[in-house]
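Undergrad: Letter by letter, the chains look like this.
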Amino acid sequence: MHRFLSRGALLAACVVVSPVALGMLAPDALIAQAATTTARTGTSGSMLIRNATVLTVTKGTLKNTDILVQNGKITGIGTGLTAPAGTTIIDATGKFVMPGIIDPHSHMMSDAVNEGSLSVTSMVRITDVLNPTAVNVYRALAGGVTSANILHGSANTIGGQNATVKLKYGEEASDMLFPGAPPGIKFALGENVTRKNSNTFVIPGQPTPQKRYPTSRMGQEEVLRDAFTRARDYKATWDDYRSKTAKGDKTLLAPRRDLELEPLVEVLEGKRLVHAHSYRADEMLMLLNLADEFGFKIKTLQHGLEGYKIASEIAKLGAGLSTFADSWSYKIEAYDAIPYNVAILMRHGVVATINSDSDERIRRLNIDAAKLMRYGGLTEDEALRTITINGAIQLGVENKVGSIEVGKDADLGIWNAHPLSVYANVDKTIIDGEVFFDRQKDIAMRAEKEKERAELEQADANKAPGATRRGVITPLPEMPQ
Amino acid sequence: MHELVAFAPPKEYYMESMQRRALTGVMAVPILLALTAIPEVLSAQRAVPSTYAITNARIVPVSQPPIEKGTIVIRNGLIASVGANVTVPADARLVDGTGLTVYPGFIDSYGSLGIPSAAQGAGGRGGRGGGGAQAATAATGAANSAYPAGLQPEIRAQELLNPDGDSFTAAHGAGFTSALSAQGAGIFQGTSALINLTDGDVNALVVKPDVAQHIGFTPLRNGGYPNSLMGVFSSLRQILLDAQHYRDEQAAYSRNPRGMQRPEADPSLAALQDVIAGKEPVVMFASSQREIERALDLAKEFGLKPIIAGGSEAYTVAARLKAEGVPVLLSANFPRRTAAPSADADPDPIRVLRERVEAPKSPAKLQAAGVRFALQSGGSNSFNDLIPNVRRAIENGLTTEQAIRSLTLQPAEILGVADRLGSIETGKIANLTISRGDLMTTGRITQLFIDGKPVAMPSPAAAAAAGNNAFSASGTWTLSVNVDGADRTATLSIRQEGTRLSGSLQGMLGSAEIQNGSVGADSTFRFTAPVTLKEGTEEATFSGTFENNALKGRLTIVGHAPGIFSGTRPARGGAPPPRTPPAKPSANR
Numbered sequence: 000m001h002r003f004l005s006r007g008a009l010l011a012a013c014v015v016v017s018p019v020a021l022g023m024l025a026p027d028a029l030i031a032q033a034a035t036t037t038a039r040t041g042t043s044g045s046m047l048i049r050n051a052t053v054l055t056v057t058k059g060t061l062k063n064t065d066i067l068v069q070n071g072k073i074t075g076i077g078t079g080l081t082a083p084a085g086t087t088i089i090d091a092t093g094k095f096v097m098p099g100i101i102d103p104h105s106h107m108m109s110d111a112v113n114e115g116s117l118s119v120t121s122m123v124r125i126t127d128v129l130n131p132t133a134v135n136v137y138r139a140l141a142g143g144v145t146s147a148n149i150l151h152g153s154a155n156t157i158g159g160q161n162a163t164v165k166l167k168y169g170e171e172a173s174d175m176l177f178p179g180a181p182p183g184i185k186f187a188l189g190e191n192v193t194r195k196n197s198n199t200f201v202i203p204g205q206p207t208p209q210k211r212y213p214t215s216r217m218g219q220e221e222v223l224r225d226a227f228t229r230a231r232d233y234k235a236t237w238d239d240y241r242s243k244t245a246k247g248d249k250t251l252l253a254p255r256r257d258l259e260l261e262p263l264v265e266v267l268e269g270k271r272l273v274h275a276h277s278y279r280a281d282e283m284l285m286l287l288n289l290a291d292e293f294g295f296k297i298k299t300l301q302h303g304l305e306g307y308k309i310a311s312e313i314a315k316l317g318a319g320l321s322t323f324a325d326s327w328s329y330k331i332e333a334y335d336a337i338p339y340n341v342a343i344l345m346r347h348g349v350v351a352t353i354n355s356d357s358d359e360r361i362r363r364l365n366i367d368a369a370k371l372m373r374y375g376g377l378t379e380d381e382a383l384r385t386i387t388i389n390g391a392i393q394l395g396v397e398n399k400v401g402s403i404e405v406g407k408d409a410d411l412g413i414w415n416a417h418p419l420s421v422y423a424n425v426d427k428t429i430i431d432g433e434v435f436f437d438r439q440k441d442i443a444m445r446a447e448k449e450k451e452r453a454e455l456e457q458a459d460a461n462k463a464p465g466a467t468r469r470g471v472i473t474p475l476p477e478m479p480q
Numbered sequence: 000m001h002e003l004v005a006f007a008p009p010k011e012y013y014m015e016s017m018q019r020r021a022l023t024g025v026m027a028v029p030i031l032l033a034l035t036a037i038p039e040v041l042s043a044q045r046a047v048p049s050t051y052a053i054t055n056a057r058i059v060p061v062s063q064p065p066i067e068k069g070t071i072v073i074r075n076g077l078i079a080s081v082g083a084n085v086t087v088p089a090d091a092r093l094v095d096g097t098g099l100t101v102y103p104g105f106i107d108s109y110g111s112l113g114i115p116s117a118a119q120g121a122g123g124r125g126g127r128g129g130g131g132a133q134a135a136t137a138a139t140g141a142a143n144s145a146y147p148a149g150l151q152p153e154i155r156a157q158e159l160l161n162p163d164g165d166s167f168t169a170a171h172g173a174g175f176t177s178a179l180s181a182q183g184a185g186i187f188q189g190t191s192a193l194i195n196l197t198d199g200d201v202n203a204l205v206v207k208p209d210v211a212q213h214i215g216f217t218p219l220r221n222g223g224y225p226n227s228l229m230g231v232f233s234s235l236r237q238i239l240l241d242a243q244h245y246r247d248e249q250a251a252y253s254r255n256p257r258g259m260q261r262p263e264a265d266p267s268l269a270a271l272q273d274v275i276a277g278k279e280p281v282v283m284f285a286s287s288q289r290e291i292e293r294a295l296d297l298a299k300e301f302g303l304k305p306i307i308a309g310g311s312e313a314y315t316v317a318a319r320l321k322a323e324g325v326p327v328l329l330s331a332n333f334p335r336r337t338a339a340p341s342a343d344a345d346p347d348p349i350r351v352l353r354e355r356v357e358a359p360k361s362p363a364k365l366q367a368a369g370v371r372f373a374l375q376s377g378g379s380n381s382f383n384d385l386i387p388n389v390r391r392a393i394e395n396g397l398t399t400e401q402a403i404r405s406l407t408l409q410p411a412e413i414l415g416v417a418d419r420l421g422s423i424e425t426g427k428i429a430n431l432t433i434s435r436g437d438l439m440t441t442g443r444i445t446q447l448f449i450d451g452k453p454v455a456m457p458s459p460a461a462a463a464a465a466g467n468n469a470f471s472a473s474g475t476w477t478l479s480v481n482v483d484g485a486d487r488t489a490t491l492s493i494r495q496e497g498t499r500l501s502g503s504l505q506g507m508l509g510s511a512e513i514q515n516g517s518v519g520a521d522s523t524f525r526f527t528a529p530v531t532l533k534e535g536t537e538e539a540t541f542s543g544t545f546e547n548n549a550l551k552g553r554l555t556i557v558g559h560a561p562g563i564f565s566g567t568r569p570a571r572g573g574a575p576p577p578r579t580p581p582a583k584p585s586a587n588r
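Going down the list, the protein sequences come from chains A and B.
So for the first sequence, numbering that gives the first Met the number 0 puts the first residue at 0; every next one is plus one.
So for the second sequence, numbering that gives the first Met the number 0 puts the first residue at 0; every next one is plus one.
Take the hints with a grain of salt, since some may be wrong.
[To be verified] Partial chain B-side listing against chain A, Cβ under 10 Å, derived:
1. Val201
2. Val205
3. Ser233
4. Glu292
[Unchecked claim] Only pairs whose alpha carbons sit at most 27 Å apart, straight line, appear in this in silico DSSO-like list of lysine-lysine:
5. Lys296(A) to Lys399(A)
6. Lys364(B) to Lys448(A)
7. Lys399(A) to Lys72(A)
8. Lys210(A) to Lys364(B)
Think of the hints as simulated: they come from the structure by calculation, not from any bench.
Virtual Cβ for every residue (Gly too), placed ideally from N, Cα, C.
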């Protein structure tokens, strides 16, 4: 029995309007509620997808090709494949299959985003506050997304620990964590940390938030240097304790565990990936050089709108960069952004990706990737890389997802048209060989959910006091003549 | 010769003091004096009767089957004997129980009764608990604490008790004779005390001090660490780790102080020693499925002995609660629509509609799953709804027997006081809740005994008034939000349980559940919600104040200029309000 069945009844899922309905949230009339008990197909992790156009991303595009999935893994790619009896067969004639989209920067399905009180909040963990029932997960599935990097916000120089998830909507939060994904942590530089935009306004009658160190980019560098110096000392204390204990000294009391410094020690040891919110070239260079000095790598520069100015330096220091396709000028530090950023970075050898940073935009990352062909002239495969394999590399899971290859997890999107087309819709989104979004089932569910809503509205607990059982105010009795 | 006491149905005068009774003009039977409250001035001069016999009553002892016609003898605050054939002592005041049903006194197993709201603060700025060297520590609250208010497990409810005249009126109206009381704000909230809800010396009220450590998962509301749910967990984790380290340090020092630097004394960490040893239970407020799972995970991580309070969705985690032997103090404050939604409100999310329908079914589901649970009032603003909601639970499948048990013996067992409270048995404290007729169907409460003394029942009107005085933020609010220079409207559905706010936000800011919500004694509130502005989704912190059916406050989003919001809700049961005028942006933007 699947554990998600009990949760199914609680899920406030929401039908998704077409992923190409740009600029629109789902109108309320369409907010039918999907229960994943019916949105999912029980495939037991095995299926045979027949006769599709397969966009492998890493190994070219294959026409009229079958994909065999067994126990959640891709076990065959070719023509005329056969499956054991009972395996779910999906006829994908005329359809396109691409790897599940990976969003390297999201804040969805999290009951908290910023622990904005301190400059260093490395002790806080997104995994403590994941909300597996967040409807935006389902909406993201409808846009072909299968994995995401759920990040702490950008309020602090050193933010909290991330969660790399597979969007297995309907399952427990613990079952959505990407197995084997290396842990990460959020850093942030620039205006959001200095609170340039939020501390300078006074609202009459409302308390003004206190200023918090640092209020300049100089201060941010000092916060980093101080934190990693403390982490280095902390590591030395523990190394000393461990080596003495290993030599047989049993009298020693273990040092105090410090949850703030432990993850920073992991960064120093290369075990925890740094995802650093940054905009300007100077602050990115500062961070890359500081990391180099302390002997660790920055896995991704997040946003990095001025990355094109220092593309060679970023490539040389081995960082990736994750950005928007075409957002700029929404604040001072975003004024120098250009839509050619990704193309220039990729031409210099930087592993670059497109991210959403938005519960709404996450549904059409395919369109954002397509824009890179217009701005910078990326090839189809290069454009697809920015939302698939490159994201997998940035999250340290490139051996498992990001492309359609034998041996990889069966995280796939089946599209009704080429996914780089504005006319493309997702038919099915598959994770580990299970269907987590099915467009036809979703459409079928809408009427059911409208019916359920109507029934619930009739329940006493949903009636306002004073209303009768029919929801009508009782008229006053007629006055006797 | 017995002094005969007629036991008439309650009238207004039951709540009046003797001095005022002459004015009421309804005093007809002087012998009834004995059962009304004895004014202090008289009780000082006159021996207060200490022996009572309730005869001919239907008795529901809970620990054994009901006695259709029996007698209870009360002496010196304890139950002296109970049964169908009990000899009534000569000195007993007789209570004719014909037509009455006598239950063990109801226990409100979660709340802050008797603790003044001013003592329920979560002040203080900054904090340790994981902040390490960077934290500014300016503790308020407990003296000499290294931690800010809200993270002080050494706080003891017993030391905060200070009930005033009518603190317990509304609770009495619901039939409660005792309650578990804790300072209900913050994260580590300190220990609770089980008290009898009577007047008199504060320390005499205490049935059992330090029943459990209480944990709330709401962030501090003043902006200091932790101000997010993530920080709540990391600070809990760090303090519990520090408590373990403190234990080891102290043990090493007491084994051999020579040559060892004296470890620093820390009252907060000292107060947690029984908690980390799994001896003192931890009452954790958790309502939704994932909140309960997180609480259970934390308990498991540190070997704590958890009790879940709130528990709206506990039935979805029933199998795990049963397997891990975790009891639930289930809120009987079932949500329901309180007023017709205003014309410009968005429809309630289906989740909210469903929650309202499912809530009264949850006690029966917990019963069926074999989870131990008590029913509690769900906050000081919902005493008036307790009995109607218990009846709704029965209509939805809870057995009558279990309903009574969940208000009496079950909480006594969960809270470790079943040796003295929770059932009508010889030798137990004489706390009784008495109704005319069957309270679980149509009867109504006519009399309470607490510590063997009759307690004046408030009139239904007085109980209702006392219950309604407490502000509740629950309801559907129409918000007008000005952020990034644009006006947006949204609908905010709030559910308040104790100091905690949950609910949903939808409209022009996107649709989301609100998180990390709490309201203080001064009506200030804070919650967070993901909002979608243009293309990005950001976490917004809403902080402000409630004033009856209006609210206003400030909205902060990292990287954006702060916004303002205001809102209204329809009066409870009243007509919907006019459309909300848009909030005006600040002049100095």
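Undergrad: All the hints need checking, so say for each whether the structure fits it.
TA: Status of the hints after comparison with the structure:
no.	hint	verdict
1	Val201	violated (35 Å)
2	Val205	violated (36 Å)
3	Ser233	holds (4 Å)
4	Glu292	holds (8 Å)
5	Lys296(A) to Lys399(A)	holds (22 Å)
6	Lys364(B) to Lys448(A)	holds (24 Å)
7	Lys399(A) to Lys72(A)	holds (9 Å)
8	Lys210(A) to Lys364(B)	violated (50 Å)
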